[in-house]
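Peer 1: The chain contents come next:
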Amino acid sequence: MAIHEKSLIRPEDLKVQDKVVLDGVDVSGHWSTFIQSRVVTDYNEALEEEISALPGGEHIHRCWQCGSCTNSCTVNAVNPDFNPRFWIYLVRMGMESELLRDKDIIWQCVSCNKCTYACPRDVMPEGVMKATAHWLELKGHVPKSKSTQFDEEFTAQVVATGKIEEGRIIRNFFARTGQPLLQDWLLEMAKRVVRRLPFKQGLAMGWAALFRPRTRKWAKASAALGEYIHEQEARNRKALNLE
Amino acid sequence: MNKYQRVAYYPGCALEGTGHAYNASTKAVGKALGLELHEVADWNCCGAMEVKNVDPQVQTYLSSRVMAIAVHEMNAKVVMAPCNGCYHNLKKAEYDLANDEASRQVVDRISKKAGHETYRAGTLETIHALDWIKDGIGEQELKRRLKGSLKGLKVANYYGCMYTRPRHIFPEKDRGPGSESTSQPHFMDDLLAAAGAQNVDFPLKTACCGGAHTLSDSDTSTKLVLNILQAAEAAGAEVIATECPTCHSGLEMHQVRAEKVLGRKTKVRMLYFTQLLGVALGVGPRKLGVHENVSDGLALLKEKGLA
Numbered sequence: 001m002a003i004h005e006k007s008l009i010r011p012e013d014l015k016v017q018d019k020v021v022l023d024g025v026d027v028s029g030h031w032s033t034f035i036q037s038r039v040v041t042d043y044n045e046a047l048e049e050e051i052s053a054l055p056g057g058e059h060i061h062r063c064w065q066c067g068s069c070t071n072s073c074t075v076n077a078v079n080p081d082f083n084p085r086f087w088i089y090l091v092r093m094g095m096e097s098e099l100l101r102d103k104d105i106i107w108q109c110v111s112c113n114k115c116t117y118a119c120p121r122d123v124m125p126e127g128v129m130k131a132t133a134h135w136l137e138l139k140g141h142v143p144k145s146k147s148t149q150f151d152e153e154f155t156a157q158v159v160a161t162g163k164i165e166e167g168r169i170i171r172n173f174f175a176r177t178g179q180p181l182l183q184d185w186l187l188e189m190a191k192r193v194v195r196r197l198p199f200k201q202g203l204a205m206g207w208a209a210l211f212r213p214r215t216r217k218w219a220k221a222s223a224a225l226g227e228y229i230h231e232q233e234a235r236n237r238k239a240l241n242l243e
Numbered sequence: 001m002n003k004y005q006r007v008a009y010y011p012g013c014a015l016e017g018t019g020h021a022y023n024a025s026t027k028a029v030g031k032a033l034g035l036e037l038h039e040v041a042d043w044n045c046c047g048a049m050e051v052k053n054v055d056p057q058v059q060t061y062l063s064s065r066v067m068a069i070a071v072h073e074m075n076a077k078v079v080m081a082p083c084n085g086c087y088h089n090l091k092k093a094e095y096d097l098a099n100d101e102a103s104r105q106v107v108d109r110i111s112k113k114a115g116h117e118t119y120r121a122g123t124l125e126t127i128h129a130l131d132w133i134k135d136g137i138g139e140q141e142l143k144r145r146l147k148g149s150l151k152g153l154k155v156a157n158y159y160g161c162m163y164t165r166p167r168h169i170f171p172e173k174d175r176g177p178g179s180e181s182t183s184q185p186h187f188m189d190d191l192l193a194a195a196g197a198q199n200v201d202f203p204l205k206t207a208c209c210g211g212a213h214t215l216s217d218s219d220t221s222t223k224l225v226l227n228i229l230q231a232a233e234a235a236g237a238e239v240i241a242t243e244c245p246t247c248h249s250g251l252e253m254h255q256v257r258a259e260k261v262l263g264r265k266t267k268v269r270m271l272y273f274t275q276l277l278g279v280a281l282g283v284g285p286r287k288l289g290v291h292e293n294v295s296d297g298l299a300l301l302k303e304k305g306l307a
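Quick note, the sequences are listed as chains A and B, same order. Residue 219 in our numbering is what sits at position 219 of the first sequence, and the numbering runs on without skipping anything. Residue 169 in our numbering is what sits at position 169 of the second sequence, and the numbering runs on without skipping anything.
Hints are computed from structural coordinates only; laboratory data are not their basis. Be aware that a few hints might be false.
[Unchecked claim] The calculated lysine-lysine pairs, modelled on PhoX-like cross-linking and capped at a C-alpha distance of 25 Å, are:
id	chain 1	residue 1	chain 2	residue 2
1	B	Lys112	A	Lys163
2	A	Lys191	B	Lys223
3	B	Lys112	A	Lys220
4	A	Lys217	B	Lys77
5	A	Lys144	B	Lys223
6	B	Lys287	A	Lys191
7	B	Lys112	B	Lys77
8	B	Lys147	B	Lys31
9	A	Lys191	B	Lys260
10	A	Lys146	B	Lys223
Chain A extracted, bound-state conformation (with noise of 0.2 Å):
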């Protein structure tokens, strides 16, 4: 492929000739694939001091479009559309309404932290893409993704209780987001741990989920870090402008 990140330009805007020949020279075929000019004129002179403002984002001026971060992207791999290099750019153009038409696959970011790793300016691209997602939600151009509400559902019982109980988390996950509990895949995997599982160990797991673990001592905690979520919610939203 002649344009190395083709996924980046819209079929839309491409304009590709059959036959084209220029002084005598057939240029047809693979490089007759011209991009269509176009004017951008909305931008948001905000965005990217919106995503600086939220956690994870703090570092995106930093960035001078190395691509180390897409080039090393897990996710990536498994779809090229996933760019972060191309994402950072857009922010910090202020071009809302192109990054927009990824709205959907930003919140995949797998954390993996292989950006983080390679980038040679310490931009920090997977605490951006973070901050990217949330900007999305809390604008509220994408409803709260499964990523985030699996993250609200684990940081609520931690605040809560200290500990987290993971078949606690799974079924209030999958309440949460409408999911049936009785997936092929799932039932397979239980069928599978039950067959080896000594009827003690059972016992325990099931005494786990009726009483869950908990910290001791750990209510003024609790509070403590209730009233500070609290306060940085509220602080995040008046950097974006929200009521």
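Mind docking chain B on chain A? Use the hints.
Peer 2: The following block gives chain B in isolation, referenced to the frame of chain A:
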């Protein structure tokens, strides 16, 4: 006395649940090697991979509380966490508290309200179970204590993301001979080789299993895991050795899912490195929780004459 001989132990939530076998095998290996573990009293969750997405400072506080207890209530100098998530988060908190004034202020404020001492950077060393055995015992001493051997067992060593990334929170790594490498980690390889295993050349040691989205984006996780499993098999591995409960359960879960949803069956088995070391040290597979694994490691060990 070696400073890793007697350490504070932070098992974390996963090791009380799906990673129960990792907990049991870590303790059993410690016992066999004469390394002492003292569990941190009233520990809490470190924040795992989720809490930082709600607010990063909450994760820093959660991790700092565990370290504060180890320092102020146990007089510990070293805390060992076998879970990559816990290990990473404690390291991250250590880095942030040493380098970021805002983090220090938030942690101090919450700690005071919660009624305990504030953790100060530089007062505790956080290590992984791999450091604990590698630097607390070493390959030579480990060899001396072996009661058997993993001879003939072909192993792919899988370290995942959080043991080496991001590198700035692991200042002790990449320090040349004897230290761990963040690009080509080898501590687990070294220990298992000492126990007789045949380590295969595995290119995906630090690839991501999609653990952070294992349930919220299962399709992506299944693809990532299948890639790891197939690469291990292509390298000739019978076992993927793991050192993180999230990676371990992710690999096992999505191995089943790949089979059920994509019709792609793989045969490689997952075993915690502590289970493998335990076998070589003569600990019974049941004591190491091998029967709790989803992939049938017990059958493989029997087949190889190791159980």
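Peer 1: Taking the hints in turn, state whether each one holds.
Peer 2: Here is how each hint holds up against the structure:
1. For the proposed pair Lys112 (chain B) and Lys163 (chain A), the alpha carbon gap of about 20 Å is at most 25 Å, so the pair holds.
2. Simply put, Lys191 (chain A) and Lys223 (chain B) have alpha-carbon atoms about 23 Å apart, close enough for the 25 Å limit, and the pair holds.
3. Taken as a hint, the Lys112 (chain B) and Lys220 (chain A) pair is honoured in the structure, with Cα atoms around 10 Å apart against an allowance of 25 Å.
4. Under the criterion of a C-alpha separation no larger than 25 Å, the hint pairing Lys217 (chain A) with Lys77 (chain B) is consistent with the structure, at around 23 Å.
5. Between the alpha carbons of Lys144 (chain A) and Lys223 (chain B) the distance comes to roughly 24 Å, so the proposed pair stays at or under 25 Å and holds.
6. Of the pairs offered as hints, the one joining Lys287 (chain B) and Lys191 (chain A) holds, with about 22 Å between alpha carbons and a cut-off of 25 Å not exceeded.
7. About 23 Å separates the Cα atoms of Lys112 (chain B) and Lys77 (chain B), which keeps this hinted pair within 25 Å; it holds.
8. For the hint linking Lys147 (chain B) to Lys31 (chain B), the alpha-carbon distance of about 14 Å falls within 25 Å, and the restraint holds.
9. With a C-alpha separation of about 13 Å, the suggested pair Lys191 (chain A) and Lys260 (chain B) falls inside the 25 Å cut-off, and the hint holds.
10. A threshold of 25 Å between alpha carbons decides the hint, and for Lys146 (chain A) with Lys223 (chain B) the separation of about 18 Å falls inside it, so the pair holds.
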